[in-house]
Amino acid sequence: MLLIVGLGNPGTQYENTRHNIGFKVIDKLVDDFGARDVSKSSFQGKLFKTSNILFLKPSTFMNLSGNSVQIVKNFYKIELEDIIVIHDDIDLPFSALRFKNGGGHGGHNGLRSIDSMIGKEYTRVRMGVDKPSYKSQVADYVLANFSVEEEKKLAGWIAHTAYAVKELKSKTLNEVKSRYSLKSFES
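In our numbering, the protein residues as written are 1 to 187.
Mixed in with the good hints, there may be bad ones.
No more than 16 Å apart at the CA atoms, straight line, and that leaves these computed lysine to aspartate or glutamate pairs for EDC-like [as the list claims (entries may be wrong)]:
no.	residue 1	residue 2
1	120	81
2	28	15
3	166	15
4	49	27
5	183	91
6	120	82
7	153	186
8	49	37
9	183	150
10	169	79
11	169	32
12	100	167
13	100	81
14	177	167
Don't read these hints as lab results, they were simulated from the structure.
Between the sequences and the hints, there should be enough to build the whole structure, so can you do that?
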């Protein structure tokens, strides 16, 4: 069983923010796979399932994402190497896409929470959202909506990312990295 987690914050006010890009990819994957909702309040998130893949959108807010991931991981007895986390990354330019296994949290509170609950050796799908001019603006920046220019690339970039995540089921991380990593999405 594979667990694919998209990071974001619950609530309509966060729906189109940079921090919620992980949720947007999960929505696309759930739609593509026709996954069914198997959520329980104890999972602390929206959980969808196909025969061999789980899709999770934690509803704990970003800083506590690890709680939901750990609960679902333990409930379904999922190994760390079978967990993929999709998240925004301010250290990459907008619409860049990178893949890696393990590593640090880079100041991302959702990853920090997951690392503290289950460890670090899971696959990360890093979606670049660029960064603000000043470090003091990071929280407001990631919680702001995408710009009009960014919106033009969003659907194609999300579709590309969702396809790459699907490929992680049957291809190695290195194969997916070499084929689907992006410096910038060009439609």
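Comparing the hints with the structure gives:
Distance restraint check for residue 120 and residue 81: the Cα-Cα separation of roughly 10 Å lies within the 16 Å cut-off, and the hinted pair is therefore satisfied. The hinted pair formed by residue 28 and residue 15 meets the criterion: a straight-line CA distance of about 14 Å does not exceed 16 Å. Of the supplied pair hints, the one linking residue 166 and residue 15 is violated, its CA atoms being roughly 23 Å apart against a limit of 16 Å. For the hint pairing residue 49 with residue 27, the CA-to-CA distance comes to about 12 Å; that is within 16 Å, so the pair holds.
With a C-alpha separation of about 12 Å, the suggested pair residue 183 and residue 91 falls inside the 16 Å cut-off, and the hint holds. With a CA separation close to 12 Å, the supplied pair residue 120 and residue 82 stays within the 16 Å bound. Between residue 153 and residue 186 the CA atoms are separated by roughly 7 Å; this keeps the pair inside 16 Å, and the hint holds. Under the criterion of a C-alpha separation no larger than 16 Å, the hint pairing residue 49 with residue 37 is consistent with the structure, at around 7 Å.
About 15 Å separates the Cα atoms of residue 183 and residue 150, which keeps this hinted pair within 16 Å; it holds. At roughly 14 Å between alpha-carbon atoms, residue 169 and residue 79 fall within 16 Å of each other, so this suggested pair holds. Straight-line distance between C-alpha atoms of residue 169 and residue 32 comes to about 15 Å, which keeps the hinted pair within the 16 Å bound. Between residue 100 and residue 167 the CA atoms are separated by roughly 14 Å; this keeps the pair inside 16 Å, and the hint holds.
Note on residue 100 and residue 81: the hinted pairing holds, with a Cα-Cα distance of about 12 Å set against a maximum of 16 Å. A hinted pair counts as satisfied when its Cα atoms are at most 16 Å apart, and residue 177 with residue 167 qualifies at roughly 10 Å.
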